[in-house]
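**Student:** Listed in order, the protein sequences are those of chains A and B. Okay, so the first sequence: first residue is 1 according to UniProt numbering, each after it adds one. Okay, so the second sequence: first residue is 1 according to UniProt numbering, each after it adds one.
Calculated directly from the structure, the hints in this document are not laboratory data. Worth double-checking, as some hints may not be accurate.
Because identical chains share one entry, a pair is satisfied inside a single copy or across any pair of copies.
[Unchecked claim] Computed list of lysine-lysine pairs in DSSO-like fashion (alpha-carbon distance at most 30 angstroms, straight line):
no.	residue 1	residue 2
1	K75	K175
2	K743	K139
3	K342	K313
4	K494	K507
5	K668	K59
6	K570	K132
7	K743	K107
8	K139	K233
9	K570	K75
10	K404	K494
11	K668	K436
12	K301	K191
13	K627	K551
14	K59	K436
15	K668	K58
16	K507	K59
Protein chains: 2
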Amino acid sequence: MKYFLLIFCFWISFLSPSSSTAKGHEHPSLILTKASVKEIRDNINKYPILERTVLEMKKRLDATIAEGIEVPIPKDPAGGYTHEQHKENYRRMYEAGILYQVLQDPKYAQFVDDMLMKYAEMFPTLPLHPVKKSYAPGKLFWQCLNDDNWVVYTAQAYDCVYDAISPKHRKIIEKDLLRPYAEFLSKENLKVFNRIHNHGVWDVAAVGMLGYVLGDQQLVEQSLHGYFKKPLKGDEAFRQANARAGFYAHLNQLFGPEGYYTEGPYYHRYALTPFILFAEAISNNEPERDIFHYRNSVLLKTVDCLLQLTNEKGEFLPFNDAIPEMSINAPSVIEGVDIAYKHEQNPDFVAVAALQNKVTISEGGLMIAKALASGDVPRIRRHSHIIKDGQHGDQGGIGFLYSKNRAEQFALTLKYSTHGLSHGHYDKLGLTLYKKGKPVLQDYGAVRYVNVEQKEGGRYLPETAKFARQSGSHNVMTCDGKSHFDGNIKESSKHWGTLMAFDVDHKDYQAIRARQNHVYEGVDMQRTIVQIQDTSLRDPIYLDVMEGFSKETHQYDLSYQYLGQIMDMKFDQYTSHQTLSPIGTQAGFEYIWKVAEAETTTQNAQFSWLNHEVFYTITTLNNAPTKQTLGEYGANDPNFNLRREPMYMMSRRADDVRFVNLIEPHGKINPATNELVRDTHSQISDLKETNLAEGLNVVQFQHSNGHTYQVFLAANSDKAAKHTATLNNETVRWQGPISVVVK
Amino acid sequence: MKYFLLIFCFWISFLSPSSSTAKGHEHPSLILTKASVKEIRDNINKYPILERTVLEMKKRLDATIAEGIEVPIPKDPAGGYTHEQHKENYRRMYEAGILYQVLQDPKYAQFVDDMLMKYAEMFPTLPLHPVKKSYAPGKLFWQCLNDDNWVVYTAQAYDCVYDAISPKHRKIIEKDLLRPYAEFLSKENLKVFNRIHNHGVWDVAAVGMLGYVLGDQQLVEQSLHGYFKKPLKGDEAFRQANARAGFYAHLNQLFGPEGYYTEGPYYHRYALTPFILFAEAISNNEPERDIFHYRNSVLLKTVDCLLQLTNEKGEFLPFNDAIPEMSINAPSVIEGVDIAYKHEQNPDFVAVAALQNKVTISEGGLMIAKALASGDVPRIRRHSHIIKDGQHGDQGGIGFLYSKNRAEQFALTLKYSTHGLSHGHYDKLGLTLYKKGKPVLQDYGAVRYVNVEQKEGGRYLPETAKFARQSGSHNVMTCDGKSHFDGNIKESSKHWGTLMAFDVDHKDYQAIRARQNHVYEGVDMQRTIVQIQDTSLRDPIYLDVMEGFSKETHQYDLSYQYLGQIMDMKFDQYTSHQTLSPIGTQAGFEYIWKVAEAETTTQNAQFSWLNHEVFYTITTLNNAPTKQTLGEYGANDPNFNLRREPMYMMSRRADDVRFVNLIEPHGKINPATNELVRDTHSQISDLKETNLAEGLNVVQFQHSNGHTYQVFLAANSDKAAKHTATLNNETVRWQGPISVVVK
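In isolation and in its complexed conformation, chain A is listed as follows (with noise of 0.2 angstroms):
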């Protein structure tokens, strides 16, 4: 036997580089070839990185293996045991497929095999799954999203492991199993089949790499196009242009140019593995799709764009619906960047997998180990941009500024994107602040503790729709204490905000400046931020503009979620409270205790508090009286579904309205040597703004650097408009909507 398998293997190795090439139904061909096979076999041993996967692989399999196989009735919900088995059994036999193609010991094989056999009886006896809790249920789990992932991977196994399993069972598998499945998923699962959304690609997915791996080609048609009893006439480009659903429809409509995915970066990273799993499936069996460059290379565009959508931890930005902590390290982001660098050599790849410190049993992850080898490992580019929202990239955007130094780097965002899809938030001109990749102005996320069967088995919590994706938990402004667009999410769908101008070549400053339209009935907004930082300021300054226009009346609330302790306040009229009360009623305000108010008139209000070591202080000019509120999250909260953070909020009443802030870093300290501690206070002073002319204003401040800072502003956004206006009777003179002047 021993004798043979050498002979065998020997066999596949010889005839496997002129066979490459041979399509449909050679096996491995979904994302492993035999071509990349025997390249990985060859290179293994040169690269540690790629060693230690399999090596790991191998001992996870093997204990798995030792303990037998379990395949329980689906029964639990997400977090509870049928639910952990089944997915721990298709990422094993994932695993399996591919030691069985590396390490080609039938053991794993086998393994892959007798548990094929043992879905193949159970599966024609499964009803839907008994917890009935999704709008579309799976078999294995609670929702058939969870069964896509189960094909997607379970397809790969099977396709690796195709020539070792006899005949007999592969005709049980695909009869009671595969094509069963595969019907499930597509017609019987239609309004998921042909729906635009990250469920509907992992379907397509799911669909199109079984098509693959039972040679149906029909499969794989209605996942690149969508089920309809009547399929678009035309030809093929045609039909890929003006796709109603399928893989095509997906990647035409769900990302901008720059490949911003329109539901934010946490399920960006949550599609990513069967828009490149599938892809890659396509691009090695119709490589004349040239799938990867399909629409201006998408798919490699919207790689580099989920990089670029991460701090400098590499956690995900968590816009939307996001669990905070999610981050490069995903095995979706592993698999994409492995698969990205196959089809294009870009530096951030590299950058990103030496962060990660893992590859994929791949080609691509072939050559992502051979470039981290090669010695110098890039590090990730970071510069000021704009990531545009929107199939045509005229959906709005999200803006950010990063300040100088890499080493203490700070990054600004401020989002003026769509709505984004059911699991977006209400959140228009939202900032975050970011320092080193810990966040300084915070977006909550999600409250959701995935997995966690006792949190409502893993699933979004009602905090989550009633807390989390409202403007109360945001760095936004509201009105008169209700969400944007009133909580609405088909009249905030409806709208975008625009960005107005970006402005990133001074020397002193970077700027953008975003309006959104139509936030309530009558109420326009627009902010704009001016990031300070000449060769004086070791760290940047935020000048923070948030306007508000209305011919009514209105309560304005402008929140900042800082994170931190605080170290000092200057208000008037301040007032701590004895006993606690939410802040409001509605619009996630009534998850937040009021602990404490103040009202300040006098010139300037600040609020200081201490962040990972560093001081921040913000400074608010108060052009009319303004009403302070610190907030801690936890009202309502029986469940203790929130964590307990603190949010720091001003307010006036007006018909238009002017929050004119500045944020502010400062000194640090180290309390674990207790080395020198500088610049606790605010080392800014009398914050003011005149009004030079009609639509003309100049915002000043001093800093103890010696330095007078002087910021000027016009209504006008337009960048070719010319500036000309009176200050202290000498001439200014400016170009576009922002200028700065340091004296």
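Please arrange chain B on chain A, whose structure you already have, making use of the hints.
**Tutor:** Okay, now just chain B, sitting in the frame of chain A:
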């Protein structure tokens, strides 16, 4: 000039080896000596860690020299400009002294010369510091403790550059600055100079080091034995053993036999500098005193003891007033470890130096650098043990239980020590629990932002005395809502706990029992902790039996200051409050919001939380109806001095009370990768206790691993006592107070 200097340097290098034994007026002789400087100069290029330190010093100092010297009139409190500047000045002078010795560049001597001349000009004009907040104000600083710091390092700087300063300048510096400073810190500050306390040891070290550098043996003598009009009579050994003040009195009285410093690790770290530096100066100037081996080498033991009082991250356990981030990276610990290593080659010193990744420029620093370069760096040794408090080791102590598996290690501490002088806390029989250096059940430490001027000048905030020192913020049992000893420090200082049992030699469990009598009038307490970890348990389970004994009925409250997010609660009659009020009116409870409460009468209550990706459950045996309270810090805290952290408390009314709880880590999640989540639920069921006979009980519970755990407890703590009882018609026999059977 250059040529002359070259000859001069050569002459020094040539002479130093042979002159190293000459004592008295040779310089340097405090910490560096001519011999050790030569050794360092000859070896510096071999050890990058040493070279890097010199280069960092040089870079800092060259910048300081370029900026020019600033010696401002003292004015500001801690954290303010003049405070920080004088601090910076002594640090830079100290470094300049070292650099002059090592690099022999005269500009560094010149820097010290210039600065000391400025101080000598100012010092005679100085009144007491204008910030009158200390019981003992200084001259340059608001408290003379900081002046002592200044002198300890300035004396070293002067010692290093002595030979390079002109006799004329030396005369001015000594006459106008150093001698009057010594006078001020000793005779004019007798309440500090003769005090047995960390302030006292800093003061005698400062004066003693001035004594050596000025060649004034009388100052040295006073520092060693205190300043008294009638000095103690008798021979030197008698005078050392019976010293009423001074260095010997500190060595006699402040340490336990293993070197435990009675104020706790935070002040231990702080007091280490004067102990170690002055001892080294004594050792170099009067080697015949053999100071490092005085009292069974208590100074060497205390360094090792301090290292044991850290968590796995190297942070000191924040017993008593302490900043929880303070760690072995503190300069005092680097100095301490280096100098101690010169006198005893303890592998733990090397282990810690490896974590510190920094050495001092000293003979010990060079030896550590050599040890680190030699290859295999040890890991600090951790084993369950007892550290005894009190000069004779008979005043209570601290117990440490470490779990198996170093990589995932848990550390539990039980504190039954003395009060710990003025910085002590009311936390008799208090627990802490850590996993891999991260607190699970925390000791809050102190409420203080060191050197942050806006937080009351960086001093202890009022909440230290009213919250952090009180029982309500600790993992302890209280009576009738009051602190231990009703918060009376005099009373608390008279009583300490007694170790009743300590048994760590069993395969499946370790146990500790301590008792504290008179905690309240007529109330004694005892706590028994059993750490259970047989081979079937990945992580340990802790049985916590907290008993109170009284003839009167009391309200007993047992608090757990857990950290993390609540996952699940199994209580009856649960109420989450809609408006919040504090839990109590004193003992720190007035700083805790009561956010929810419950009453549970069923057999077991369970409370689960998530802390750093691990789940924990406290399972309570309701042998009587139990009230549960969930609290959050922050009530009555208008300046937001407290961290917002949670606590869990259980309450009963009884005369004798017996709280039986299991503290159980279980499961794991990894939100960054969405890996499999397992064991989110407690694995424990059916916790019960059966009285077998008078004074004999068995606590039993089921675990999902299939085992039944039986913990046999005898009220009699005699470890030789043999017990026999009947359980389920079987005879059980065990010896000593605690025994565990796994079935």
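**Student:** Each hint: holds or not?
**Tutor:** Consistency of the hints with the structure:
1. Taking identical chains as interchangeable, the C-alpha atoms of K75 and K175 lie at most 30 angstroms apart only when both belong to the same chain, with a minimum of 24 angstroms there against 88 angstroms between chains.
2. With identical chains, the CA atoms of K743 and K139 are never at most 30 angstroms apart, being 69 angstroms at best within one copy and 40 angstroms at best between copies.
3. In this homomeric assembly, K342 and K313 come within 30 angstroms of each other (Cα to Cα) only inside a single copy, at 25 angstroms, whereas the closest approach across copies is 41 angstroms.
4. Taking the shortest alpha-carbon separations for K494 and K507, neither the intra-copy value of 38 angstroms nor the inter-copy value of 67 angstroms comes in at or below 30 angstroms.
5. In the homo-oligomer, the alpha carbons of K668 and K59 lie at most 30 angstroms apart only across protomers (20 angstroms), although the nearest pairing inside one protomer, at 46 angstroms, exceeds that limit.
6. Proximity of K570 to K132 under the C-alpha cut-off of 30 angstroms is restricted to the inter-copy arrangement: shortest distance 25 angstroms between copies versus 54 angstroms within a copy.
7. In this homomeric assembly, K743 and K107 never come within 30 angstroms of each other (Cα to Cα): the closest approach is 75 angstroms inside a single copy and 37 angstroms across copies.
8. Taking the shortest alpha-carbon separations for K139 and K233, neither the intra-copy value of 34 angstroms nor the inter-copy value of 93 angstroms comes in at or below 30 angstroms.
9. Within a single copy, K570 and K75 get their C-alpha atoms only as close as 58 angstroms, which misses the 30 angstroms cut-off; across copies the closest is 23 angstroms, which meets it.
10. For a Cα distance limit of 30 angstroms, the shortest separation of K404 from K494 qualifies neither inside one copy, at 37 angstroms, nor across copies, at 59 angstroms.
11. For the identical chains of this complex, K668 and K436 are neighbours both inside a copy (14 angstroms) and across copies (27 angstroms), given an alpha-carbon limit of 30 angstroms.
12. For the identical chains of this complex, K301 and K191 are intra-copy neighbours only, at 29 angstroms inside a copy versus 73 angstroms across copies, given an alpha-carbon limit of 30 angstroms.
13. With identical chains, the CA atoms of K627 and K551 are at most 30 angstroms apart within one copy only, with a shortest distance of 22 angstroms there and 55 angstroms across copies.
14. Proximity of K59 to K436 under the C-alpha cut-off of 30 angstroms is restricted to the inter-copy arrangement: shortest distance 25 angstroms between copies versus 36 angstroms within a copy.
15. Taking identical chains as interchangeable, the C-alpha atoms of K668 and K58 lie at most 30 angstroms apart only when they sit on different chains, with a minimum of 22 angstroms there against 47 angstroms within one chain.
16. Proximity of K507 to K59 under the C-alpha cut-off of 30 angstroms is restricted to the inter-copy arrangement: shortest distance 28 angstroms between copies versus 54 angstroms within a copy.
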